[in-house]
Amino acid sequence: MRVAVPVFPGSNCDHDALHACGTVMGWDTIPVWHMETRLPENTELVFVPGGFSYGDYLRCGAIAALAPIMADVRRHADNGGLVLGVCNGFQILCEAQMLPGALLRNESLRFIHADIHLRVEQADLPFTRSMKAGEVFRVPIAHAEGNFTLDPAELVDLEARGGVAFRYCSPKGEIGEPHVPNGAMNGIAGIVNVRGNVLGMMPHPERAVDPRLGPTGGLGVFKSLAETFARA
Amino acid sequence: MKVRVSVQLKPGILDPQGKAVEQGLHGFGFEVDHVRIGRLIEMDVPGKDPLEVKAKALAMCEKLLVNPVMEKASIEVL
Numbered sequence: 004m005r006v007a008v009p010v011f012p013g014s015n016c017d018h019d020a021l022h023a024c025g026t027v028m029g030w031d032t033i034p035v036w037h038m039e040t041r042l043p044e045n046t047e048l049v050f051v052p053g054g055f056s057y058g059d060y061l062r063c064g065a066i067a068a069l070a071p072i073m074a075d076v077r078r079h080a081d082n083g084g085l086v087l088g089v090c091n092g093f094q095i096l097c098e099a100q101m102l103p104g105a106l107l108r109n110e111s112l113r114f115i116h117a118d119i120h121l122r123v124e125q126a127d128l129p130f131t132r133s134m135k136a137g138e139v140f141r142v143p144i145a146h147a148e149g150n151f152t153l154d155p156a157e158l159v160d161l162e163a164r165g166g167v168a169f170r171y172c173s174p175k176g177e178i179g180e181p182h183v184p185n186g187a188m189n190g191i192a193g194i195v196n197v198r199g200n201v202l203g204m205m206p207h208p209e210r211a212v213d214p215r216l217g218p219t220g221g222l223g224v225f226k227s228l229a230e231t232f233a234r235a
Numbered sequence: 414m415k416v417r418v419s420v421q422l423k424p425g426i427l428d429p430q431g432k433a434v435e436q437g438l439h440g441f442g443f444e445v446d447h448v449r450i451g452r453l454i455e456m457d458v459p460g461k462d463p464l465e466v467k468a469k470a471l472a473m474c475e476k477l478l479v480n481p482v483m484e485k486a487s488i489e490v491l
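These protein sequence lines map, in sequence, to chains A and B.
Following the working numbering from start to finish, the first sequence increments by one per residue and tops out at 235.
Following the working numbering from start to finish, the second sequence increments by one per residue and tops out at 491.
Hints were generated in silico from the structure; no laboratory data involved.
Just so you know, not all the hints are guaranteed correct.
[To be verified] Facing chain A, a subset of chain B residues (Cβ under 10 Å, in silico): (1) Pro429; (2) Leu464; (3) Val466.
[Stated by the list, open to error] Ranges of calculated distance between the beta carbons of each label pair, as one might list FRET restraints: (4) Asp462(B) / Glu230(A): 39 to 47 Å; (5) Lys175(A) / Ser419(B): 42 to 50 Å; (6) Pro181(A) / Gly451(B): 28 to 36 Å; (7) Leu491(B) / Arg113(A): 31 to 39 Å; (8) His447(B) / Asn189(A): 21 to 29 Å; (9) Asp462(B) / Gly13(A): 55 to 63 Å; (10) His439(B) / Gly58(A): 30 to 38 Å; (11) Gly440(B) / Ala117(A): 26 to 34 Å; (12) Gly451(B) / Asn15(A): 22 to 30 Å; (13) Asn15(A) / Leu438(B): 34 to 42 Å; (14) Leu427(B) / Gly58(A): 22 to 30 Å.
[Stated by the list, open to error] Taking lysine to aspartate or glutamate pairs in the EDC-like style, the calculated list, with each CA pair at most 20 Å apart, reads: (15) Lys423(B) / Glu110(A); (16) Lys461(B) / Asp446(B); (17) Lys467(B) / Glu484(B); (18) Lys432(B) / Glu475(B); (19) Lys476(B) / Glu455(B); (20) Lys432(B) / Glu110(A); (21) Lys476(B) / Asp59(A); (22) Lys485(B) / Asp154(A); (23) Lys432(B) / Asp446(B); (24) Lys485(B) / Asp75(A); (25) Lys415(B) / Asp462(B); (26) Lys423(B) / Glu157(A); (27) Lys476(B) / Asp75(A); (28) Lys467(B) / Glu455(B); (29) Lys469(B) / Glu489(B); (30) Lys467(B) / Asp446(B); (31) Lys135(A) / Asp75(A); (32) Lys476(B) / Glu465(B); (33) Lys423(B) / Asp154(A); (34) Lys485(B) / Glu444(B).
Backbone N, C-alpha and C fix where the C-beta goes; we use that ideal spot for every residue, glycine too.
Between the sequences and the hints, there should be enough to build the whole structure, so can you do that?
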């Protein structure tokens, strides 16, 4: 089980990703500098980490989407390989047009860091298969641009094809505006591409996996990936 | 040639920054509405034909300068 974590200038969650995949899950996890043109041989998962790649210049993720390593990340995804983008990683995948939509400034204009609840909307994905549809889990968010936006017609398509993986919710799993921290359309916290092998999400499951550091609400995503790898 | 690309949020896209500035202006007693904040990009582009230069700038917008999900641009060749 091999994981590659692309590291951009300004990434700051790369070590969280390395810790979650490497130390906690015990996977062979390799940081890959953005100037590299090839992922390590036999990479099964690319974890695009959070942070402020290239200082968020122009738009969050816009410059990182053009980094040399991203061409190989795209090739990996085109071949059916798994890609998980968290926070700035999600923004990068949108800017790279590997996922639809864009992440705008939070409605409140503020950087928000908080523990929030997510409801699993699709439980048959490589990233969610150890969870149940409707299951609620608690993970942190930490972002200023997490307000997911999509052209209204495309939003209808996204919902219709079951492209929404996670939605913000109350601790009991109720959805609706009061439970959406950032103004995201339809309370969307995470989405997948049509093929279901590329997932982007604003919340940080990798920051909630080690009992020595706190709650472990994010483990479901990693257990699901472990199950996916075991099946492969 | 000098090119000026003005990038604006599309109509209907929430602009909390514009809203905050609008409220600030109201605080000073200015009567303003629909304040929108964008980005101005200036650059020198080689070439002598304004149409050709504009076409290059348009290609730059499509590749990088504009995110069509949320933004639109206008190009001025000076």
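Index of numbered hints that the structure contradicts, given in increasing order: 2, 3, 4, 9, 16, 18, 24, 30, 31 and 34
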